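Student: These are the residues of each chain, in order.
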Amino acid sequence: MRVSNAAYDLERCFMSATILIVDDSESVRQQVGTVLAQVGFRVEHACDGLQGVEKINAGGIDCVICDVNMPNMNGVVMVETVKSKEQNKSLPIVMLTTEGSKELIQRAKQAGACGWIVKPFKAELLIAAIQKLTAKPQLA
Amino acid sequence: MPSARTVFIENFQAALTELMLCYVESCECEVSALGDCADHNVVAVVGLCDDSFRASIALTAESDLVISQFNATPEGVADCMGELCNQLTGRLKNKLSIFGLQPNMSTPTTIRGSLLSVSWLAGNACSYRVRVSGGLCVAQMSLVLDESLELTENLELASMAEGSLSFF
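Going down the list, the sequences are from chains A and B. Position 12 of the first sequence, counting from 1, maps to 12 under the numbering used here, and the rest follow consecutively. Position 126 of the second sequence, counting from 1, maps to 1126 under the numbering used here, and the rest follow consecutively.
Watch out, some of these pointers could steer you wrong.
[What the hints assert, rightly or not] Some chain A residues close to chain B (C-beta under 8 Å, calculated; not the full set):
| id | residue |
| --- | --- |
| 1 | D24 |
| 2 | V28 |
| 3 | Q38 |
| 4 | M70 |
| 5 | T81 |
| 6 | K102 |
| 7 | A113 |
| 8 | W116 |
| 9 | I117 |
Calculated directly from the structure, the hints in this document are not laboratory data. Treat the numbers as computed from the prediction; the structure is a model and nothing was measured. Think of the CB as a built atom: it goes at the ideal place given N, C-alpha and C, for glycine as much as any other residue.
Taking the hints into account, I'd like the entire structure generated from these sequences.
Tutor: Structural data, given as structure tokens:
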């Protein structure tokens, strides 16, 4: 088990990170996806929190960008649900939303999100944030 | 002290102008008649409410404008319009936070058709024609307000600025 985990980790070190974009707006998913794909990230999409949870629990996601106001399951509840699983504790989740209220930000932080971006996003800022969150440790 | 209604309307206009300038080079915002949607063919509506007020915000435009100025694909015009209206409402919500208001927002409802117009069944509404490079869109807000509502600024309650990033 240990050996296969190590092999899996080693393999992932040489792969570009996979970013899951969770947003009910297809336009936003496309815009964010295009920006990230242009700098080499692999991108997956989910259209609400429920689908986001499914994709995260299926594995292979290195970082999540998540809207807050969505049908079926909102972004903060999605973060709480995802972070309740031990396997997802270290998964970085950044909220990307139109809202910037301190109360909501605090709720997301407590739920386990690691960052907050208020739309409309600046491409260079988003790329820098995701690169920072997905930076892999250098192999000795 | 301005009335709560005045605060809402002033902040709505400011949010509208700021949002448009994120996407287009120039923007002129003028008061227009209610129901004024020219011959627009896409409309998006988002709701905003708490215990003291409820507002509906509608944005209408022509598809060609949404494609040319707001980077929508032809198939994604309604979705893009919904996101714009979502950002407009979110921006208004953020501006209202300094008055201690923490309203809930709905997800956008969008319609694509022909000769669309918006009429309001409740509340007083305000309407703005927004001339941007490439065309015209119309933004309206219908507002039902507790008339005893008084709003006092508290800058410590200010929301994060649009476009900003914060790591926890």
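Student: Run through the hints listed earlier and report the numbers of any the structure violates, in increasing order.
Tutor: Hints 3, 5 not satisfied by this model.
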